[in-house]
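**Student:** Sequence:
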Amino acid sequence: MRDGRRVVVIGGGLAGIAAALDCAEAGARVTLLEVRRRLGGAAYSFERDGLRIDNGQHVFLRRCVAYRALLARLGSEHGVSVQRRLEIPVLRPGAEPIRLRRNRLPAPLHLAGALARYRPLSIAQRLSAARTALALARLDPSDRALDRLTFGDWLARHGQGPDAVGALWDLIALPTLNLPAAQASLALGAFVFRNGLLSSADAADIGFHTRSLSETIGEPAARALRAAGVEVRLGWRAERLERTASGFEVRGRGGRSATGEAEQGGDRQDRDGDGVQWAGESEDSAAGGEGDGLSAEVAIVAVPHARAATLLAQLTPTLARRLGALGSSPIVNLHVLYDRQVCELPFAAGVGTPVQYLFDRTAAAGAPAGSQYLAVSLSAAEREMGMSVEALRERYLPALRRLLPRAREAKVERFLATREHAATFRAVPGVAALRPRAETSVPGLVLAGNWTATGWPATLEGAVLSGHTAARRALLQLGGGPRESASA
Numbered sequence: 001m002r003d004g005r006r007v008v009v010i011g012g013g014l015a016g017i018a019a020a021l022d023c024a025e026a027g028a029r030v031t032l033l034e035v036r037r038r039l040g041g042a043a044y045s046f047e048r049d050g051l052r053i054d055n056g057q058h059v060f061l062r063r064c065v066a067y068r069a070l071l072a073r074l075g076s077e078h079g080v081s082v083q084r085r086l087e088i089p090v091l092r093p094g095a096e097p098i099r100l101r102r103n104r105l106p107a108p109l110h111l112a113g114a115l116a117r118y119r120p121l122s123i124a125q126r127l128s129a130a131r132t133a134l135a136l137a138r139l140d141p142s143d144r145a146l147d148r149l150t151f152g153d154w155l156a157r158h159g160q161g162p163d164a165v166g167a168l169w170d171l172i173a174l175p176t177l178n179l180p181a182a183q184a185s186l187a188l189g190a191f192v193f194r195n196g197l198l199s200s201a202d203a204a205d206i207g208f209h210t211r212s213l214s215e216t217i218g219e220p221a222a223r224a225l226r227a228a229g230v231e232v233r234l235g236w237r238a239e240r241l242e243r244t245a246s247g248f249e250v251r252g253r254g255g256r257s258a259t260g261e262a263e264q265g266g267d268r269q270d271r272d273g274d275g276v277q278w279a280g281e282s283e284d285s286a287a288g289g290e291g292d293g294l295s296a297e298v299a300i301v302a303v304p305h306a307r308a309a310t311l312l313a314q315l316t317p318t319l320a321r322r323l324g325a326l327g328s329s330p331i332v333n334l335h336v337l338y339d340r341q342v343c344e345l346p347f348a349a350g351v352g353t354p355v356q357y358l359f360d361r362t363a364a365a366g367a368p369a370g371s372q373y374l375a376v377s378l379s380a381a382e383r384e385m386g387m388s389v390e391a392l393r394e395r396y397l398p399a400l401r402r403l404l405p406r407a408r409e410a411k412v413e414r415f416l417a418t419r420e421h422a423a424t425f426r427a428v429p430g431v432a433a434l435r436p437r438a439e440t441s442v443p444g445l446v447l448a449g450n451w452t453a454t455g456w457p458a459t460l461e462g463a464v465l466s467g468h469t470a471a472r473r474a475l476l477q478l479g480g481g482p483r484e485s486a487s488a
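First residue of the sequence shown: 1, per this note's numbering; consecutive thereafter.
Since the hints were made in silico from the structure, they are not lab data.
Label pairs and their in silico Cβ distance ranges:
1. Arg117 to Asp143: 31 to 37 Å
2. Glu249 to Gly27: 19 to 25 Å
3. Met385 to Gly324: 16 to 22 Å
4. Arg321 to Arg157: 31 to 37 Å
5. Glu413 to Gly479: 54 to 60 Å
6. Pro97 to Ile123: 17 to 23 Å
7. Arg340 to His158: 43 to 49 Å
8. Arg321 to Met385: 22 to 28 Å
9. Glu239 to Arg406: 50 to 56 Å
10. Ala145 to Glu413: 50 to 56 Å
All figures in this text were calculated on a predicted structure; none of them were measured in a lab. Positions of the beta carbon are idealized from the N, C-alpha and C atoms, including for glycine.
Could you build all of it, start to finish, from the sequences and the hints given here?
**Tutor:** In structure tokens:
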């Protein structure tokens, strides 16, 4: 198709990367614009005091086949590992670790043994939870009626009290939906449990990034895009998207990198007055200079939904208002470097503690020999977003000592917090009606991002799937093929 027809992809996260590669592979001339000085979007790393620190703990499941296939395409699948069998160590203050581990039976019996031995719940609560899981497996996540209810209300109607929700259901809901069950959409809750845990025995085996996110996503993506002939402009802020007679004009400002050359480094890390390390660089990090423009027949908008709403306000105000209504949920990560090993587990969940999940990132971060670097991931972290670093330290270091006895004698060498105030869209009831399809009512304008109508929550898998869908729609429009009915 390399006949001069051009696609511009605005946004260099997973959705934009997948879309750009697909379009280039089909023969389109592709330019990818990214405001930051690196690729990867919300999944990236930075260096601090000799440590390679990921902005968040982006785990995935064996079922996330699109994400895993993209890593293979980038040549970085060696930077991840997947459990041979689902196993979640659960830590409680003053108690021995418990392991939620699947057996070899087919779903849903693969979790029966783990639930039967799950000591945070009474025997009666375990039996009730099993019945509730079977009822949940019978729900259809695509039923729009489910999106009018909260997952918590549905659980309560099925006999799941606050203790059971906190010790079991939120163990999965919080990290996948970035909301507690009490606030989350039943439709998305049903999707997570039905498709992730209850559909097949190995679907929920957990995948981890054994190398830093930049090594696994951003840097190999730059090489793959260059090899595919994609022009990548980093540090380039798209400010306006205008309709023209032949397509679109993207107006913006920023530096221009060589074709396909990713400039690593230079990320601006903002701190507040308390010395908080913020995870997301400012979108104003684009270099200054004269305004620039880029023309294309098709535009794929693959930036976060709030930013997309701003770009689309003039072209399609109705869609922009919908995106603005999606809202957001924050995630906070705490990074603790101990002078010795305090935890033998690669990761663990917490029950009866403010610590939701912790991960051993010692090797991936290149921590000094003999030390241990633990990352604590806090989803739906509205409270923590308003806390100073010192307040977080005072709350979470004692909590870690209660979970990890060896931490009581260890010295904390470093403690910092990374914050994503708009980490995901807000997965509350009604969100399904707000999430748009890839194709819009504006010819040639296509959307990508985990906030689009993928059916998935805001996940790595959803982002990649959205990129593939956007590329298909863009290529059909370039080729004059049939279009799906627009939804804007």
